[in-house]
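Peer 1: The listed protein sequences correspond, in order, to chains R and W.
My numbering applies: residue 1 is where the first sequence begins, and numbers increase by one.
My numbering applies: residue 1 is where the second sequence begins, and numbers increase by one.
Simulated from the structure, these hints should not be mistaken for laboratory data.
From the three backbone atoms N, C-alpha and C, an ideal C-beta is built for every residue, glycine too.
Any given hint could be a false lead.
[What the hints assert, rightly or not] Just a few of them, taken from the derived set where beta-carbon distance is under 10 Å, the chain R residues facing chain W: (1) A52; (2) A53; (3) P148; (4) L153; (5) P162; (6) V163; (7) Q166; (8) V167; (9) E258; (10) K259.
2 protein chains.
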Amino acid sequence: MPTPSLAIPTIGVFDSGVGGLTVLRALLDRIPDANYLYFGDTARLPYGSKSAATVAHYAVGAVRYLQEQGAELLVIACNTATALAFDEIRRAAEVEAIGVIEPGAEAAARVSKNRKVVVIGTEATVSSHAYRHALEARKIAVREKACPLFVPLVEEGWVEHPVTEQVARIYLSEAFSNEAYDTDVLLLGCTHYPLIKPLLRQVTPRHVAIVDSAESTAQEVARRLECLTTGRMEPPLAGATRAGSVPHLRFFATDSAEKFRAMGTRFLGLSVEDVLHVDLKE
Amino acid sequence: MPTPSLAIPTIGVFDSGVGGLTVLRALLDRIPDANYLYFGDTARLPYGSKSAATVAHYAVGAVRYLQEQGAELLVIACNTATALAFDEIRRAAEVEAIGVIEPGAEAAARVSKNRKVVVIGTEATVSSHAYRHALEARKIAVREKACPLFVPLVEEGWVEHPVTEQVARIYLSEAFSNEAYDTDVLLLGCTHYPLIKPLLRQVTPRHVAIVDSAESTAQEVARRLECLTTGRMEPPLAGATRAGSVPHLRFFATDSAEKFRAMGTRFLGLSVEDVLHVDLKE
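One chain only, chain R, in its complex shape (with noise of 0.2 Å):
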């Protein structure tokens, strides 16, 4: 597996659609002096719906274009892909491949004091069982509870409304009744979920720490840079001694360019310019 040229990393991000520029957000917070190469293949979102061959025989064909545009290290920023298909992506990957569940995973074992957690996400993130089995190996006792309204609450740009605090209080209500009522970790287990971070604070119960996977799996990824570099006997974290430098970021998107530009700048919070339409031969 080649190592990284780490002077200035460049990191493939791969999502189904736009979420993954969540994780994205993340990582320019904390690695902010690498190249991002983001793929979201928008044309065949969501992977929710879909089974785990179809899954994987898309993120395999996204990440081998990351490979070929120069991406180093990727990061599969799709809880569905990791889900469904994480074991895969890394066969057919030449680089190292970080996924949202272990990260996040780590995270709300290293937080929750009654080791019980409540994980969140899509319907096939949550039929997986991905997240169940990477806490259960972490003796965490965990409930899962799949809230499939969330991410078209969220695309409708309903993210502090009514009828979405309705919708959390419904999910949420169920994910914690009985016995996980001394439960002290959310964890959110979809990219979208961030957005809508603020109104689930104040539907979950206060004692709940919200643990997100988005920003565990950044620091997963700024922690693996720094071994790597470290094992190089390069400066750690080359990027942070390196005020001031900017990111260079560049897009692909299966469907309309323009729609992800939209989109997209919503999401990552920061204006999406350079955005490539890609068409994946299947």
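Here the structure of chain R is known, so what remains is to put chain W in place on it, guided by the hints.
Peer 2: Then chain W, alone, in the frame of chain R:
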């Protein structure tokens, strides 16, 4: 263009997913004595958020597949595909194709006394203005309103749910505000919406009639078959004369057959059995 062998016609119904099953349901009620092939492009849904070029590409592939399986008449039961790609589908098809837009617009125009119609649908259907054009050609004033949350709410199974009612009140109060007060028809421009028709009836002004594209399309297909049959000196609507015969249903899905079976049964209101998984190469 070959004429169907109309003794027992084979009708190909195409949709991006399970929504078109509401059209198949209407067809079964009206033309029970036919063979039906239903193609749900579930691996690539929803079309509603995709560009016209992508939708056309997918739809043409699906329609060709239905022809290879023996479809003698095509029903494009997907509003988005009809709105964005009907001309291309018609060019690619070797048999007659009927979309959902024209029959829906025709029925709405027939019902509206005040010549004012509100159309609701997905973002893509509304942005295409296909219903607007079809209605304006019939001298009807049109207001269009995208209702992107209805599809996920229906798929969540919340068809009689207070949240869905609240969302419907928000969408419809926008649609019927101000100068739309004397609008007297609400046209359901999405195949998922018949499932929330009772709820929509509750929140729609009482003087407004609800017209359903699925039902209108089934009427148009029956009329078309009748014309073709009459032209060939066979009894009109052969099926209607053979009471008790059971229509033959076959289903093709690009994603998991299992999932199609489960969700499809809800949409069709009949047990969905004979499902074949199809992998369309792009």
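Peer 1: State for each hint whether it applies.
Peer 2: Hints, one by one, checked against the model:
Contact between R:A52 and chain W, as hinted, is supported at the beta carbon level, the nearest pair being about 9 Å apart and thus within 10 Å. The interface hint given for R:A53 holds, since its Cβ lies 8 Å from the closest Cβ of chain W, which is under the 10 Å cut-off. The restraint placing R:P148 at the interface with chain W holds, with a minimum CB-CB distance near 6 Å, inside the 10 Å limit. The criterion of a C-beta within 10 Å of any C-beta in chain W is met by R:L153, whose closest approach is roughly 7 Å, and the hint holds.
Here the hint on R:P162 is kept, as its CB sits about 8 Å from the closest CB of chain W, short of 10 Å. At about 6 Å, the closest approach between the beta carbon of R:V163 and any beta carbon in chain W falls short of 10 Å, and the interface hint on this residue holds. Interface hint status for R:Q166: upheld, as the beta-carbon distance to the closest one in chain W is roughly 6 Å, under 10 Å. Here the hint on R:V167 is kept, as its CB sits about 6 Å from the closest CB of chain W, short of 10 Å.
Interface restraint check for R:E258: the shortest CB-CB distance to chain W comes to about 8 Å, inside 10 Å, so the restraint holds. Checking R:K259 against chain W by beta carbon gives a least distance of about 7 Å; that is within 10 Å, so the hint holds.
Hint compliance for this structure: every hint is met.
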